[in-house]
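Residue numbers (the numbering used here), protein chains in the order written: chain A, 1 to 352; chain B, 1001 to 1352.
Worth flagging that the hints you see were computed from the coordinates, not collected in a lab.
Accuracy of the hints is not assured; some may be wrong.
[To be verified] Distance condition first, Cα-Cα at most 16 angstroms in a straight line; then the derived EDC-like pairs of lysine to aspartate or glutamate: (1) B/Lys1118 / A/Asp312; (2) B/Lys1029 / A/Glu125; (3) A/Lys157 / A/Asp303; (4) A/Lys264 / A/Glu309; (5) A/Lys118 / B/Glu1204; (6) B/Lys1215 / B/Glu1115; (7) A/Lys253 / A/Glu204; (8) B/Lys1277 / B/Asp1337; (9) A/Lys277 / A/Glu204; (10) A/Lys252 / A/Asp337; (11) A/Lys29 / B/Glu1125; (12) A/Lys229 / A/Asp323.
Number of protein chains: 2
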Amino acid sequence: MENKIPTTSIAQLGEFGLIDHLTANFAAKNPNVIQSIGDDCAVLETGNPTHYQVVTTDILTEGIHFDLTYTPLKHLGYKAVVANVSDIYAMNGTPQYITVSVAISSKYTVEAMEEIYKGMYLACERYGVDLIGGDTTSSLKGLYISITAIGSVEKTKVAYRSGAKANQLICVSGDLGAAFMGLQLLEREKQIFREHPNVQPDLENQHYLLARQLKPEARKDLIELLQLKEVVPTAMIDVSDGLSSEITHLCKKSNCGAQLYEEKIPIHSDTYEMAVKMNIDPVSCYMNGGEDYELLFTIDQKDYEKLKEESDISIIGHMTTPDQGIRMMSKGGQLIDIRAKGWNSFEPNNPE
Amino acid sequence: MENKIPTTSIAQLGEFGLIDHLTANFAAKNPNVIQSIGDDCAVLETGNPTHYQVVTTDILTEGIHFDLTYTPLKHLGYKAVVANVSDIYAMNGTPQYITVSVAISSKYTVEAMEEIYKGMYLACERYGVDLIGGDTTSSLKGLYISITAIGSVEKTKVAYRSGAKANQLICVSGDLGAAFMGLQLLEREKQIFREHPNVQPDLENQHYLLARQLKPEARKDLIELLQLKEVVPTAMIDVSDGLSSEITHLCKKSNCGAQLYEEKIPIHSDTYEMAVKMNIDPVSCYMNGGEDYELLFTIDQKDYEKLKEESDISIIGHMTTPDQGIRMMSKGGQLIDIRAKGWNSFEPNNPE
């Protein structure tokens, strides 16, 4: 008798495929689950008459999400919190609490852990969040930080990924691709240092790119601006895995297509110049790079007037019907199909 | 000029010392935080008129908390959920939701992940919990499971660690030390297998001990019983790190001492016999062993009548004033000081 044990490598499915696959049987039974897996946050009814609760979780692993060769521990703690509160903002919510689990190998000292917590504490201050629970344990190898963030959102203002409709405008905050170029710069210098340990790293005074990679911020200010302008996004997602991945999520969940315009995509001049210098296609920086923590959202056309003067918001296209696919009009006037590549932690050498 | 960089090894502080140390500056600012770090769960006001929310988080790491040589992945998933819902019950609450983060090395297949999730799914069913969020990523080495559990508790019935008073009765559910003995048995056979790979493992039909280690249950039934009997524990904690550690937490938080009686501590005959056989002090099994997931709680003397006939609850002593310390009267009539040893993941070869 022959027993064939099925084996499927995780890289074949990728991160999103894997989560979809593993959680397919987990239909929520509690009627207080308004939104389960499949958005930036889960949305819960807690018995509060006006607000829902939003919950998100994330795990960062050494050697995959961060490289301690060039990531100061304090920055790492800060960024770990930012990545999670960004998911709360992506629901149009306000972060309130985090819990933190850390697994560390014995090579770390208490002082190293203090640095990580100092960074988390700074981010908590910045975003008005309380650290309410934690677990710390040892790991066989490397550092792991898992954070769960909890927030609150007005019931009438939740922005799901699924709310966009054809002809609505696609907006993005800030600029894209800078964190990715910051990473390329750090990786380049790491490589040089490995081959020539006596050569001093040359980060070319690229403060903007490095800050975007090492100390990103979540867009609290944008959520406050939308509140002030009385604009409720019809759909929203944070840009953590690259624009192509995020716009694909929005389109899939909203059952829409999208039409983007390359010339409208906000890219910082430092990002552009460094990309050209390093022989990287600038489009690939924002399409497939990650960790921008900007917000990608859609608005009703009637809200255009309210936001058109905002220099920190770019209107980069509009939603279409699903049969039109997800496309970008290049600067040269060509229509390019956007394939969600994004960032897949299970593939080696990612992002490309 | 000399720069001395301070280095303190994490093992010196231990897990609880480390968390206390790292979170000393994190006083909660949001008035909706009723209880922050320092109990089985954080307790939050969500705007629900009658109930608080309770939140707990945990991380399990391969090689530290579990050994895949003898832990089936499905059992591991089950146990990971149990460990977290147990913390919710320890607040006298009802678990509702979990989020799960998993970091896995590429050596695992999708089918292996499916097994873990099957186990989690079973536990979710058993405890009436919905899995509402998750993150899956790769790790450089080994498997990491971080779970956050969210539950609900009536505002008038929260059981903190800090509520015990002198002369109240100390109770514990079920029996203690069995999970530890199950672990010893598995470790013994692993060792033999390593030295003599042709010898078949002999687990001696110790179903009870093995089940307590590999597929523990959280005490949902006990919380329901207390509800039925209209008993609100004055303080409660779950027994995950050994009785000495848990009673020390209760005493410290409640500013009390405690007097336990060895003859009253519930220990299963299988546990006792295997301990004797393996030349391990049975007292050490329940004092320093862990993972029993029983509930240790205190009650007002007036509630004694309501619980005295419950065969699954043992009254093992009473709280005293703090100057009397934490002591146990041995079967031989000697007063023994209890030092919290419990389980410290940062110390090698733990539990002893």
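Going down the list of hints, with the structure as the test:
1. B/Lys1118 / A/Asp312: violated, 46 angstroms
2. B/Lys1029 / A/Glu125: holds, 10 angstroms
3. A/Lys157 / A/Asp303: holds, 15 angstroms
4. A/Lys264 / A/Glu309: holds, 15 angstroms
5. A/Lys118 / B/Glu1204: violated, 51 angstroms
6. B/Lys1215 / B/Glu1115: The given pair, whose Cα atoms are some 14 angstroms apart, holds under the 16 angstroms limit.
7. A/Lys253 / A/Glu204: At roughly 41 angstroms apart (the allowed maximum being 16 angstroms), glutamate 204 of chain A and lysine 253 of chain A break the hint.
8. B/Lys1277 / B/Asp1337: violated, 26 angstroms
9. A/Lys277 / A/Glu204: Since the Cα atoms of lysine 277 of chain A and glutamate 204 of chain A sit roughly 12 angstroms apart, the hinted pair holds (cutoff 16 angstroms).
10. A/Lys252 / A/Asp337: holds, 15 angstroms
11. A/Lys29 / B/Glu1125: holds, 10 angstroms
12. A/Lys229 / A/Asp323: The hint is violated at about 33 angstroms.
In summary, the numbered hints that this structure violates are 1, 5, 7, 8, 12.
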